[in-house]
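K.L.:
Sequence:
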Amino acid sequence: MFLMTSFNVLSQLIDEQVLCVHGGLSPDIKTLDQIRTIERNQEIPHKGAFCDLVWSDPEDVDTWAISPRGAGWLFGSKVTNEFVHINNLKLICRAHQLVHEGYKFMFDEKLVTVWSAPNYCYRCGNIASIMVFKDVNRREPKLFRAVPDSERVIPPRTTTPYFL
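Converting from the sequence shown to this note's numbering requires adding 2 to each position, the first position being numbered 1.
No incorrect hints appear here.
Listed below are the simulated BS3-like cross-link pairs for lysine-lysine, each with C-alpha atoms no more than 27 angstroms apart in a straight line:
hint: 1; residue 1: Lys-106; residue 2: Lys-32
hint: 2; residue 1: Lys-80; residue 2: Lys-92
hint: 3; residue 1: Lys-49; residue 2: Lys-112
hint: 4; residue 1: Lys-80; residue 2: Lys-49
hint: 5; residue 1: Lys-80; residue 2: Lys-32
hint: 6; residue 1: Lys-144; residue 2: Lys-112
hint: 7; residue 1: Lys-32; residue 2: Lys-112
What follows is a list of derived Cβ distance ranges for each label pair:
hint: 8; residue 1: Arg-147; residue 2: Asp-35; range: 38 to 44 angstroms
hint: 9; residue 1: Tyr-122; residue 2: Pro-70; range: 14 to 20 angstroms
hint: 10; residue 1: Thr-161; residue 2: Pro-29; range: 43 to 49 angstroms
hint: 11; residue 1: Arg-140; residue 2: Ala-67; range: 30 to 36 angstroms
hint: 12; residue 1: Leu-15; residue 2: Asn-43; range: 15 to 21 angstroms
hint: 13; residue 1: Val-63; residue 2: Glu-111; range: 16 to 22 angstroms
hint: 14; residue 1: Arg-125; residue 2: Asp-62; range: 25 to 31 angstroms
hint: 15; residue 1: Pro-158; residue 2: Asp-64; range: 48 to 54 angstroms
hint: 16; residue 1: Ile-88; residue 2: Arg-140; range: 21 to 27 angstroms
hint: 17; residue 1: Glu-41; residue 2: Asp-64; range: 27 to 33 angstroms
hint: 18; residue 1: Pro-150; residue 2: Glu-103; range: 15 to 21 angstroms
hint: 19; residue 1: Leu-12; residue 2: Thr-161; range: 33 to 39 angstroms
hint: 20; residue 1: Leu-34; residue 2: Val-149; range: 37 to 43 angstroms
hint: 21; residue 1: Asp-62; residue 2: Arg-159; range: 39 to 45 angstroms
These are computed hints drawn from the structure, not numbers from a lab. No experiment lies behind these values; they were computed from the predicted model shown. C-beta atoms are modelled at their ideal positions from N, C-alpha and C, and glycine is treated no differently.
Construct the complete structure from the given sequences, taking the supplied hints into account.
P.N.:
Have a look at this one:
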């Protein structure tokens, strides 16, 4: 059970002031306590708060808009600022969207997208990043590139004896 609660999280807080989530916000979620009540041990549903936290994306819209992904929502600066204010947060840190520069701050630096897959799908040519937090007010992106094709080593495809 410890592993399930440690590694099967829907969101995480850093020092109670930085919300980390894969996708974004949900119109069904106003407080962090509402996130805590979501049953995590299930498949991601096709709609609702759980789905939204995984699939929603920030966009230059006023409040909410239908996502072209077919799941989650597009959410704007007003929604982000309200959520940050209500929950006494400094930042929402998310992933889920390719950012060619590796990371991108939005909405008066209340939200950051961190993308950590360099040269996504071996063709996008993007930089990747991780965000290092010394504390909630001191954060620093660390950028990295993909290993050049000439240096990449692809292990041979073999079957692990465990699966024989």
